[in-house]
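Protein sequences, first through last, are from chains W and R. Numbered per this note's numbering, the first sequence spans residues 87 to 558. Numbered per this note's numbering, the second sequence spans residues 87 to 558.
A hint or two may mislead.
Copies of the same chain are indistinguishable here, so a pair counts whether it falls within one copy or spans any two.
[Said to hold, decoys possible] Calculated pairs, PhoX-like style, for lysine-lysine (alpha carbon to alpha carbon, straight line, at most 25 angstroms):
id	residue 1	residue 2
1	551	322
2	487	338
3	435	322
4	298	551
5	167	305
6	435	372
7	428	298
8	155	478
9	535	179
10	322	428
Hints in this document: simulated from the structure, not taken from any laboratory.
2 protein chains.
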Amino acid sequence: MLPFKTSIGLYTDYYELTMAQGHFLNNRHEERSCFDYFFRKNPYNGGFVVFAGLSSFIEMLQSFRFDEKDCEYLEQQGFDKNFINYLRNFEFKGNIHAVREGEIIFPYEPVLHVEGTILETQLIETLLLNILNFESLIATKACRCKLAAGDKTLMEFGLRRSQGFGGINASKAAIIGGFDATSNVYSASLYHLNSSGTMAHAWIQSFNDELKAFRTYAKHFPEDCVLLVDTYDTLKSGIPNAVIVARELEEKGYRLKGIRLDSGDLTYLSSKARKQLNKAGLEYVKIIASNQLDEYIIESLQIQGAPIDSFGVGTSLATGQEDAALDGVYKLSLFNGNPTIKISDNIAKMTLPGIKTVYRFFDEDGLFDADGIAFKDEGDFEIIHHPFETDKQKSIKGLKKEELLTKVMEGGNITYTSPSPYEIAEYVHSRLKQLPNEHKRFLNPHVYKVGITTNLMDERNNLAKQYLKKDF
Amino acid sequence: MLPFKTSIGLYTDYYELTMAQGHFLNNRHEERSCFDYFFRKNPYNGGFVVFAGLSSFIEMLQSFRFDEKDCEYLEQQGFDKNFINYLRNFEFKGNIHAVREGEIIFPYEPVLHVEGTILETQLIETLLLNILNFESLIATKACRCKLAAGDKTLMEFGLRRSQGFGGINASKAAIIGGFDATSNVYSASLYHLNSSGTMAHAWIQSFNDELKAFRTYAKHFPEDCVLLVDTYDTLKSGIPNAVIVARELEEKGYRLKGIRLDSGDLTYLSSKARKQLNKAGLEYVKIIASNQLDEYIIESLQIQGAPIDSFGVGTSLATGQEDAALDGVYKLSLFNGNPTIKISDNIAKMTLPGIKTVYRFFDEDGLFDADGIAFKDEGDFEIIHHPFETDKQKSIKGLKKEELLTKVMEGGNITYTSPSPYEIAEYVHSRLKQLPNEHKRFLNPHVYKVGITTNLMDERNNLAKQYLKKDF
Chain W
87 MLPFKTSIGL YTDYYELTMA QGHFLNNRHE ERSCFDYFFR KNPYNGGFVV FAGLSSFIEM
147 LQSFRFDEKD CEYLEQQGFD KNFINYLRNF EFKGNIHAVR EGEIIFPYEP VLHVEGTILE
207 TQLIETLLLN ILNFESLIAT KACRCKLAAG DKTLMEFGLR RSQGFGGINA SKAAIIGGFD
267 ATSNVYSASL YHLNSSGTMA HAWIQSFNDE LKAFRTYAKH FPEDCVLLVD TYDTLKSGIP
327 NAVIVARELE EKGYRLKGIR LDSGDLTYLS SKARKQLNKA GLEYVKIIAS NQLDEYIIES
387 LQIQGAPIDS FGVGTSLATG QEDAALDGVY KLSLFNGNPT IKISDNIAKM TLPGIKTVYR
447 FFDEDGLFDA DGIAFKDEGD FEIIHHPFET DKQKSIKGLK KEELLTKVME GGNITYTSPS
507 PYEIAEYVHS RLKQLPNEHK RFLNPHVYKV GITTNLMDER NNLAKQYLKK DF
Chain R
87 MLPFKTSIGL YTDYYELTMA QGHFLNNRHE ERSCFDYFFR KNPYNGGFVV FAGLSSFIEM
147 LQSFRFDEKD CEYLEQQGFD KNFINYLRNF EFKGNIHAVR EGEIIFPYEP VLHVEGTILE
207 TQLIETLLLN ILNFESLIAT KACRCKLAAG DKTLMEFGLR RSQGFGGINA SKAAIIGGFD
267 ATSNVYSASL YHLNSSGTMA HAWIQSFNDE LKAFRTYAKH FPEDCVLLVD TYDTLKSGIP
327 NAVIVARELE EKGYRLKGIR LDSGDLTYLS SKARKQLNKA GLEYVKIIAS NQLDEYIIES
387 LQIQGAPIDS FGVGTSLATG QEDAALDGVY KLSLFNGNPT IKISDNIAKM TLPGIKTVYR
447 FFDEDGLFDA DGIAFKDEGD FEIIHHPFET DKQKSIKGLK KEELLTKVME GGNITYTSPS
507 PYEIAEYVHS RLKQLPNEHK RFLNPHVYKV GITTNLMDER NNLAKQYLKK DF
């Protein structure tokens with residue numbers, strides 16, 4: 087269920103196509119290769135990332151074809167005719183291993199790898215990065231809001247300020263991260279999300295009479311009536327009028343669902359509003375708050391005990407402020423059967439060679455203790471090394487472990503059942519319980535330990551020696 | 087030319103639909119209304135915004151329909167059957183006036199207004215805001231990069247880090263703001279943009295031999311060969327190998343187009359690279375630089391005289407960092423023939439009533455002097471007032487003026503010829519020449535004067551009195 091036309095092979099960077107043509111014309115395009123996906127820095131100065139976008143990516147991959155119109159376009163661009171003929175029948179036929187969508191992941195872990203021909207594994211790079219980077223960014227932001235909001239309800243309101251069509255991805259990722267519903271009807275219908283919404287200030291304005299505006303709305307939506315109370319004066323006009331309408335609804339056997347605050351100091355207004363409502367015997371009426379919320383403001387409102395039942399979060403969630411992008415990369419780890427690395431002046435930018443997997447180790451309480459990156463088939467190991475300061479070691483002997491990567495695609499066929507966004511959210515929730523609190527803190531969270539095995543360290547060091555520079 | 091399925095009526099916030107149903111069931115859905123689009127704060131602490139997204143929005147509006155599947159979905163959501171029947175035949179039939187796409191615009195100006203029934207003008211709010219806010223944000227960012235880069239070439243590289251499908255809008259908006267080309271093949275084919283790109287580090291890695299990698303690429307792309315020189319060691323390996331390949335190309339009658347630097351200090355490396363290339367008689371080989379560039383880094387490289395011919399800008403451009411969203415809003419200004427305003431505790435958040443237009447006034451040198459917001463039909467005026475500190479006035483007597491808003495849609499039909507992104511970019515360029523330099527500065531730019539007429543001020547004040555609160 088994607089909003090696009092059938093073929094999306096052009097959803098890529100131009101250089102993926104020139105490289106593909108280069109490999110093709112040089113008759114090396116079927117060399118077996120492997121690429122890793124990983125990121126280097128947690129967004130928001132946080133302690134973790136929620137992995138999202140896998141099902142969208144896998145689904146889009148099925149449409150990663152080149153139709154006649156695409157081929158014509160590439161011909162106009164001067165691409166080689168034989169190469170275009172090859173693309174005309176192109177289908178991704180590789181294998182993909184990945185951690186589960188919704189997994190809690192950490193910097194430098196290869197959380198997904200793609201095996202196949204160099205042509206197909208390279209060609210899908212841009213699509214993969216585009217989807218995984220963004221949906222993970224937003225799911226992580228949503229998860230942080232959820233951590234702050236606890237069991238309060240969360241609604242995503244960001245479509246009007248989201249980055250163009252990116253709002254389609256954002257609303258789904260918000261649900262994965264823990265939101266209950268979205269205002270985005272398009273995404274809701276596409277991905278089977280709960281949608282919600284009631285009225286804007288323009289509704290009230292058009293009546294030029296707040297009580298009449300409320301009454302009219304209540305008449306047509308008696309079962310799902312949330313009144314926006316801050317158009318004129320929240321405490322002197324909005325709440326008193328909402329109380330009148332609530333009583334009128336009661337007479338008809340209905341209950342006013344809630345009132346919404348969209349400006350002013352939300353602790354002050356929600357406290358006063360709660361008192362006024364309770365005084366009128368309307369304890370059941372919920373208070374919904376919005377207006378430039380993010381995880382920090384929600385946390386602050388919660389600490390102050392603001393009696394808010396539901397938070398609506400817009401711009402900062404749908405765009406992932408203050409970080410507009412996750413820095414995920416896609417790096418060649420194997421070519422023609424040989425492990426490869428990318429050298430860099432900076433050891434932290436050096437990549438890890440070969441086909442790898444990730445194990446998670448648990449402490450005696452069942453909490454996450456550390457993750458270890460190993461060659462896929464290297465068997466048991468008892469020590470992991472800090473990936474860059476390799477003198478630092480950690481024993482993982484005897485700890486319960488879990489392999490995080492599983493096959494999700496083989497020979498181009500999907501080999502797993504993609505869960506719904508709400509099912510993924512359930513998984514996020516269950517995994518968060520296993521993540522020690524010190525990694526969930528917003529301010530200077532404790533760094534989660536991710537290590538590499540001795541074998542992997544040695545292989546990387548051996549390969550690096552080939553390129554070692556004597557001076558700097 | 088949009089990537090979506092035919093009907094996009096669901097690309098909206100849920101509350102637009104509940105309000106529409108409310109108006110419909112109350113039989114007031116055909117009341118004549120007008121909404122203004124404007125923003126309140128320049129992004130990036132800058133001095134202006136480039137208005138973009140108009141043609142995308144207008145085109146999407148033509149597809150703003152509800153097909154059978156959409157109607158079924160709304161039925162499942164519990165919407166009223168008569169209302170859904172109405173939507174089944176819904177087409178936007180209103181009028182739209184707007185400034186030209188590519189216009190330089192400023193806070194508080196109603197740069198676009200939509201007239202029509204309350205139902206249709208309200209229902210399109212989310213789509214309008216989503217497209218105009220984002221494309222204007224990115225066109226503005228691109229324009230700032232262009233101001234820094236002068237006549238150097240600019241390439242947009244952001245799709246892998248852009249906000250999901252938002253990358254489709256971002257690449258087009260980058261061209262509007264002054265970029266020459268994009269790496270995004272999808273947008274290039276959709277919007278007829280120049281696309282470009284050559285090789286990634288993975289190309290070099292797959293050969294495990296830089297010279298061989300360069301030679302192979304040059305063999306297949308002799309006319310469009312840009313070599314990425316920083317995989318192993320830019321100055322000791324990359325450039326010397328590029329020189330070898332350049333000489334081999336010369337022997338075959340070709341010229342190496344360029345080398346690309348993607349890491350390290352770009353002033354240092356470009357200066358050294360230029361010297362090495364020139365020493366080899368390769369003055370014609372261009373130097374292309376990328377790696378987390380933005381307008382500030384480009385400006386700094388330019389000030390230092392870095393011999394870079396072309397800049398590739400990715401993440402910060404495609405996501406509009408450090409501002410992820412333009413704060414554009416859509417406010418009711420007329421209902422049932424009567425001007426309306428939205429009251430707020432904050433006068434800066436009070437809206438302007440009635441159907442308005444914007445005039446631009448020019449100084450004796452033909453430069454922008456100030457903009458004035460007036461009622462559409464109020465005739466001549468000689469004074470404009472600061473919109474909030476209304477004691478501050480400015481005489482615009484005798485100044486040459488230009489009305490910025492023109493009709494772009496009447497009765498749902500497009501009444502203007504939408505220019506191409508490059509044509510819009512030409513207009514941006516011509517208008518920037520008329521914008522005094524002090525508004526283009528990145529650091530604390532001078533605030534451009536935008537005022538309101540005496541008539542407009544009086545009408546707003548009269549309406550505001552109706553809601554005046556005695557205490558605070």
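Okay, the hints, checked on the actual structure:
1. 551 <-> 322: Only across copies: residue 551 and residue 322 sit 17 angstroms apart there, 75 angstroms inside one copy, limit 25 angstroms.
2. 487 <-> 338: For residue 487 and residue 338, neither the intra-copy (59 angstroms) nor the inter-copy (59 angstroms) Cα distance is at most 25 angstroms.
3. 435 <-> 322: For residue 435 and residue 322, the Cα distance is within 25 angstroms only across copies (20 angstroms; inside one copy 59 angstroms).
4. 298 <-> 551: The answer is between: 20 angstroms across copies meets 25 angstroms, while 78 angstroms in one copy does not.
5. 167 <-> 305: between (65 angstroms within a copy, 17 angstroms between copies)
6. 435 <-> 372: neither (50 angstroms within a copy, 27 angstroms between copies)
7. 428 <-> 298: So residue 428 and residue 298 pass the 25 angstroms test across copies only (17 angstroms; inside, 67 angstroms).
8. 155 <-> 478: This pair counts as neither: shortest intra-copy Cα distance 55 angstroms, inter-copy 59 angstroms.
9. 535 <-> 179: neither (35 angstroms within a copy, 60 angstroms between copies)
10. 322 <-> 428: Cα proximity of residue 322 and residue 428: across copies only (17 angstroms, versus 65 angstroms in one copy).
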